[in-house]
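Number of protein chains: 2
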Amino acid sequence: MTNGCVFCDGEGGVRLWRDERCRVVLADEPFPGFCRVVWNAHVAEMTDLAPADRAHLMDVVFAVEAALRARLAPAKINLASLGNLVPHLHWHVIPRHRDDSHFPQPVWGTAQRPGPARPLAPDLPDALARDLAAALGCGSAAASMP
Amino acid sequence: MTNGCVFCDGEGGVRLWRDERCRVVLADEPFPGFCRVVWNAHVAEMTDLAPADRAHLMDVVFAVEAALRARLAPAKINLASLGNLVPHLHWHVIPRHRDDSHFPQPVWGTAQRPGPARPLAPDLPDALARDLAAALGCGSAAASMP
Chain B
0 MTNGCVFCDG
10 EGGVRLWRDE
20 RCRVVLADEP
30 FPGFCRVVWN
40 AHVAEMTDLA
50 PADRAHLMDV
60 VFAVEAALRA
70 RLAPAKINLA
80 SLGNLVPHLH
90 WHVIPRHRDD
100 SHFPQPVWGT
110 AQRPGPARPL
120 APDLPDALAR
130 DLAAALGCGS
140 AAASMP
Chain U
0 MTNGCVFCDG
10 EGGVRLWRDE
20 RCRVVLADEP
30 FPGFCRVVWN
40 AHVAEMTDLA
50 PADRAHLMDV
60 VFAVEAALRA
70 RLAPAKINLA
80 SLGNLVPHLH
90 WHVIPRHRDD
100 SHFPQPVWGT
110 AQRPGPARPL
120 APDLPDALAR
130 DLAAALGCGS
140 AAASMP
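In order, the protein sequence lines correspond to chains B and U. Per numbering that gives the first Met the number 0, the very first residue in the first sequence carries number 0; after that it's consecutive. Per numbering that gives the first Met the number 0, the very first residue in the second sequence carries number 0; after that it's consecutive.
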């Protein structure tokens, strides 16, 4: 736990899956389905992790990508681990659509248009959680933070 | 080969390493040491690759991260696979410094200041190429495109 780190102090979004090492959350961002995969421990860089941990984290990232592709059929998936502001390992997994506010620019770039009214389907969080449990096993949700 | 795809039609930068599956290039970007890891075949998403290929590509990405950290001691490494404009798998591996033009914003965001005059060290490409050969083996440079 590092005081003042949003990913140490909280889950970071609506939890979809979690094990002892990392968790998947649905982010509160204006791109429906935008997920984050957060390493539980406060570590800055991928190469700070042991190779097996690195591989596990990427397997979770790719399971999220697969679930988002299957559920939302985006034009493209964007993956990024930046962490300049919050140097606690977290991956952005972002389903992009041709009519979203920024396409084809990155979501951190300049808006290209007003985004369409594309609400988050109410059943998407549960559906993604089921997909992740099927792909990754049940994790250890009971052991997670409250 | 896909006509009109910059990563099918060309190497994408100064080659630092290459094998049968992917290559590492030094990009022509105003962030010295900005590398890209490009999958050789025209594939759009990580989950379009077989798991073993996915793992290989990430191993190369992490070898680049390790080399950049050792050589440049950046404040942060940024990793991203976006591909909205060029849907041919390529990873950006970007060493970020606190005084670079965009820090702490992503390089695709709004510039925060004029970037410092931080020239690319003339010996960096050779040094990175040696680091990657040491970490990944010699690849297959001879088999690459001219």
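Everything labelled a hint here was simulated from the structure, so no lab data went into it. Please note: incorrect hints may appear among the correct ones.
[As the list claims (entries may be wrong)] Derived list of chain U stretches under chain B, where covered just means 3 residues or more per stretch with a C-beta under 8 Å from a C-beta of chain B: (1) 79–85; (2) 120–133.
[Claimed, not checked] Here are the computed distance ranges between Cβ atoms for each label pair: (3) B:CYS137 / U:PRO121: 18 to 26 Å; (4) B:CYS137 / U:PRO118: 49 to 57 Å; (5) U:ARG129 / B:PRO118: 25 to 33 Å.
[Claimed, not checked] A short list of chain B residues far from chain U (calculated; beta carbon distances all over 10 Å): (6) ASN39; (7) ALA54; (8) MET57; (9) GLU64; (10) LEU84; (11) GLY108; (12) ASP125; (13) ALA126.
Please read these numbers as outputs of a predicted model, since none were measured by experiment. Heads up, the beta-carbon is just placed ideally off N, CA and C, and yes, glycines get one too.
Taking the hints in turn, this is what the structure says about them:
1. 79–85: holds (count 6)
2. 120–133: That given contact is violated, which follows from only 0 residues of the stretch 120–133 of chain U lying within Cβ reach (below 8 Å) of chain B.
3. B:CYS137 / U:PRO121: 18 to 26 Å: 54 Å, violated
4. B:CYS137 / U:PRO118: 49 to 57 Å: 52 Å, holds
5. U:ARG129 / B:PRO118: 25 to 33 Å: At 52 Å between Cβs, range violated.
6. ASN39: 19 Å, holds
7. ALA54: Since the minimum Cβ distance to chain U is about 6 Å, B:ALA54 lies within 10 Å and the statement is violated.
8. MET57: The assertion about B:MET57 is violated, with a minimum of 5 Å to chain U.
9. GLU64: Check fails; 5 Å does not lie beyond 10 Å.
10. LEU84: Non-interface label on B:LEU84 violated, nearest chain U Cβ at 5 Å vs cutoff 10 Å.
11. GLY108: 4 Å, violated
12. ASP125: 22 Å, holds
13. ALA126: 17 Å, holds
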